[in-house]
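Peer 1: Based on the provided sequences and hints, a complete structural model is requested.
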Amino acid sequence: MSESNGATATAVPVTARKDWSSDQEVRWCPGCGDYSILAAVQMLMPELGVRRENTVFLSGIGCAARFPYYMNTYGMHSIHGRAPAIATGLATTRPDLDVWVISGDGDALSIGGNHLIHALRRNVRLNILMFNNQIYGLTKGQYSPTSEVAKVTKSTPFGSVDTPFNPVSLALGAEATFVARTHDMDRAHMQETFRRAHQHNGAAFVEVLQNCNVFNDGAFEKITSRDARASMLIPLQHGQPIVFGAEGSERGVIQRADGSLEIVSVADVGLDALLVHDEARDDPGLAFALSRLAHGPYEPTPIGVFRAVERPEYGTQMSEQITDAQAKRGLGDVAALLRSGSSWTVD
Amino acid sequence: MASGTQHVTEQLDQVIVRFAGDSGDGMQLTGDRFTTSSALLGNDMSTFPDFPAEIRAPAGTLNGVSAFQVHISDHDILTPGDSPNVLVAMNPAALRANIDLMAKGTILLVNSDAFDERNLTKAGYGTNPLTDGSLSPYTVYEVPMTSITQEVCKEAGVKPRDAERSKNFFALGLVSWLYTRPIEPTINWITERFAAKPQVVEANTRAFRAGYDFGETAELFESNYEIRPATFEKGEYVQVTGNQALAWGLIAASRLAGLPIFLGSYPITPASDILHELSRRKEFGIRTFQAEDEIAGIGAALGASFGGAIGVTTTSGPGLDLKSEAIGLAINLELPLVIVDVQRGGPSTGLPTKTEQADLLHAMYGRHGEAPLPILAPKTPSDCFAAAIEATRLAVKYRTPVIVLSDGYLANGAEPWRLPDLDTFEPIDPGFASEPNHVDDEGNPAFWPYVRDPETLARPWAPPGLPGLEHRIGGLEKADGSGNVSYEGVNHERMVHLRRDKIAGIASDIPLAEVNDETGDAQLLLVSWGSTYAAVAAGVKRVRARGMKAAHVHLRHLNPLPSNLGEVLGRYAQILVPEINLGQLSRILRAEYLVDAQTMSKMQGVPFRVGEIEAAITAMLGGKS
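Chains as they are written, first to last, in our numbering: chain A, 15 to 361; chain B, 566 to 1190.
Note that these hints are calculated values from the structure, not bench results. Careful: at least some of the hints might be erroneous.
[What the hints assert, rightly or not] Heads up, incomplete: computed chain A residues facing chain B, CB under 7 Å, no partners named:
id : residue
1  : Gln-56
2  : Glu-67
3  : Asn-86
4  : Met-90
5  : Ala-101
6  : Thr-102
7  : Arg-108
8  : Gly-127
9  : Arg-135
10 : Ala-202
11 : Met-332
12 : Ala-341
13 : Arg-343
14 : Leu-352
15 : Thr-359
[Claimed, not checked] To be clear about the criterion: a stretch of chain B counts as covered by chain A if any three or more of its residues have a C-beta under 8 Å from a C-beta of chain A, and this derived list gives those stretches:
id : stretch
16 : 802–815
17 : 830–842
18 : 869–879
19 : 1034–1044
[What the hints assert, rightly or not] Stretch-level coverage of chain B by chain A, calculated; a stretch enters the list once three of its residues show a Cβ under 8 Å from a Cβ in chain A:
id : stretch
20 : 601–614
21 : 854–861
Beta carbons: idealized from backbone N, C-alpha and C, even for Gly.
Peer 2: And the structure:
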């Protein structure tokens, strides 16, 4: 299929959520955070001005990976951890498509960690949503690479001993050009974050804090519950001082002389002393420092876009090399190719 | 340059030359240049590069010996030859590593400068073979190749240490004289290849000419030799290696299908040259993706296939292990995918640079669940071209991954190839789905991704982009027809049968097995597959020349097998299957057809010699070899 097949000149049809929902019964556990993420995505799609037929949802294995079955788009439920690799082949050969990768903490960071970091550093045009519930749900409750140390699960009855990944830090370290965090309790924030990810020309990585009410209920309650949010989530807004907390008791982030970050009372330092968030900063150092502010989902945790910078997109560059070669050498001629070495004729 | 008057030029019908030296001595390049000039003279030829896995093993040691064997002749030949007529040994290790291949009376051309105590010790020689009489069965020519090269280069201002590196061109010049090869093509090649380094051009050219002149003037040789052009079918010829032909075949297949190639690959010996070749040919719209690992290589290729491209992944044994899970996914998704396995010695890292055919059963069964797929194997380096096209045809037509089993010998071996008429290859119709193929309960048009073509049992290929054809596929079992997830037992069994029947049905779409049985009354049938073709065909020819009867059938398609194969095998009292493994094809033949297929096994990292096949046939027919 030619690359232009998907694109037509007609206007994008007006759609509603139901147009993006497939006829398949959604089979997550009742109360799962995945429902609200699915709803956020299905409700956002009509606003993005994209076509269903040019949209692909791709996943690996895990609870989150069932997502494509519920979207009335093209989709593939693939194998554990490999979705970023499969999506790379699709997105680079079909730049006309909008490719979403839906993954979980085990899928993206454990078995598929290699594919994730390489998709990020290559900057393939993919929207990667990683649902982080800090647990293996589909296999019924083993600890995951984002589980806190000392996590007691069926596979760690004496408590886990390995240090977890911080997904945002990992993505930043993997040269990602777009890194964000949102959570399943705030549809508006999810939609805004996904919209930004979609707009980004390159690999966009979004960590979605997601509650697994069966195997890890309340993992993020201390920061995402309605009561806690104001004082425990730090909304990052480009060009704005980093400030959070209820009115009257605002706190903010300052940068110390040694470069490290600290949470302080705004009343103590004044608004002007606060760090102004710059998501477009080329150096990822500050974004990384922000990602390290909380040691776990029990301390004030930044959400929003940590980093959004421009860098040439992988598939575009791949296509440009082809266009350049064709401009210089002409379209390939197979007969000439076979004669590209020495040839001789027998009469 | 004409040969000197003091020399007699004798006619030979063929010669086998083996160049051997340190892996840094440029033996592969030397052999390749000799091959090319022979090809241009119109000789038939077949080559066998034989090199170590180490890029530069310790100089002067047996581990570091790299060799290139070339067989040139005035008649049709199939193999790089059993035993060389000439061994060029650049140092004691090269001599020691190869001397067992040499028959009495053959020629040894040695670089006498390298036979010092240090090199002799490194090669494990207690005494100098040039002086201890151990080489008396051979015709030995001691030539101080290093010092002459340094001498002629000194005049051009090249330092001795740099000049030393040109000694392979001296050897090439000398052998070129010995076999009356033209010098111009090589000098032109040196000039082009090293254009950026004029001093290297100068040194190599001087060394090459010095070698040639040495043969002419040194009065060491009584004669030199001429091998007349072979009688080839009319046509235009090129020299190709298997990897090159395979890459070109993929490109041709892409044109025949009108679809772009996406190659997802991870560097691995001996398959990397396919990645290199395709990466150079971007003007054909090829996307090459050097993935983070073998799994990503096939994953990305599969993603590209989902998007409507021809997904290809190239690898060798260890990589095929890693790709197994994704191949299973491709089988379940029923998407086209071409998987090239250039087999090498295993298990594990095994013998990275040496050939083997021990991945056949892996290709057949190396996945969990019932997971059949078509398998085919090219028989010669040039046949890799047509095999790549055939693999693509099957992949596209039947919406299935296809494994091509090449091997290290085919991949690096070269032969003359009469260029095919590209118009003789049938176009490959992608047959993309273009409209809904079902009506749902409410009477609306719908698209079911697992509705099958009644003839091929292939499902529709519907790359994203068409409204109304949106669908989801995945690794979970699917309901027959709708493709929705289904855990229902009876449906699963039906899907297992459908996937099996689809692949088995390909038997009606491939050529019948053709037996070469000259008299029609042979009792013994030899079965070859892949690269054993050459030695088996040559072996059968030899025993026939001795009045014995043996039939030969070559299998290109290993799964499914040709539909008449059972009948063919049943006609013969004895069946011999020479394989570079412990008997993998014979095991399949015994299981499929209940025939007493005997295994002839060899696992030394090298192809069968014709003499070995000849001896085995002779023994089976009760004669003397």
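Peer 1: Run every hint past the structure and note whether it holds.
Peer 2: Taking the hints in turn, this is what the structure says about them:
1. Nearest Cβ of chain B to the Cβ of Gln-56(A): about 14 Å, over the 7 Å cut. The hint is violated.
2. This hint holds: Glu-67(A) has a C-beta 4 Å from the nearest C-beta of chain B, less than the 7 Å allowed.
3. The interface hint given for Asn-86(A) is met, as the beta carbon of that residue sits about 6 Å from the closest beta carbon of chain B, less than 7 Å.
4. For Met-90(A), the shortest C-beta to C-beta distance to chain B is roughly 6 Å, which falls under 7 Å, so the interface hint holds.
5. Annotation: interface hint on Ala-101(A) holds; nearest CB of chain B at approximately 6 Å, less than 7 Å.
6. For the restraint placing Thr-102(A) at the interface with chain B, the shortest Cβ-Cβ distance is roughly 5 Å, inside the 7 Å limit, so the hint holds.
7. Restraint check, Arg-108(A) versus chain B: the minimum CB separation of about 4 Å is within 7 Å; hint holds.
8. With a least beta-carbon distance of about 10 Å to chain B, the hint placing Gly-127(A) at the interface is violated under the 7 Å criterion.
9. Given hint, Arg-135(A) at the interface with chain B, is violated; its Cβ is 9 Å from that chain's nearest Cβ, farther than 7 Å.
10. Annotation: interface hint on Ala-202(A) violated; nearest CB of chain B at approximately 28 Å, more than 7 Å.
11. For Met-332(A), the suggested interface contact is upheld, since its CB lies about 6 Å from the closest CB of chain B, less than 7 Å.
12. A distance limit of 7 Å between C-beta atoms decides the matter here; for Ala-341(A) the minimum to chain B is near 9 Å, and the interface restraint is violated.
13. Taking 7 Å as the C-beta contact cut-off toward chain B, the hint placing Arg-343(A) at the interface holds, the least distance being around 4 Å.
14. Satisfaction of the interface hint for Leu-352(A) is found here, the shortest Cβ-Cβ separation to chain B being roughly 5 Å, below the 7 Å cut-off.
15. For Thr-359(A), the interface hint holds, the least distance from its beta-carbon to any beta-carbon of chain B being 5 Å, beneath 7 Å.
16. Under the rule that three or more residues need a Cβ within less than 8 Å of chain A, the assignment of the stretch 802–815 of chain B holds, with 5 such residues.
17. Residue count for the stretch 830–842 of chain B with a Cβ under 8 Å from a Cβ of chain A: 0. That is fewer than the three needed, and the coverage hint is violated.
18. Remark: the stretch 869–879 of chain B is confirmed as covered by chain A, as 7 of its residues place a Cβ nearer than 8 Å to a Cβ of that chain, reaching the required three.
19. With 8 residues having a Cβ less than 8 Å from any Cβ of chain A, the stretch 1034–1044 of chain B passes the three-residue criterion, so the hint holds.
20. A count of 4 residues in the stretch 601–614 of chain B with a Cβ less than 8 Å from any Cβ of chain A is obtained; the coverage claim is therefore met, three being the minimum.
21. Restraint check on the stretch 854–861 of chain B versus chain A: 6 residues with Cβ-Cβ distances below 8 Å, three needed, restraint holds.
Checked against the numbered hints above, the structure violates hints 1, 8, 9, 10, 12, 17; every other hint is satisfied.
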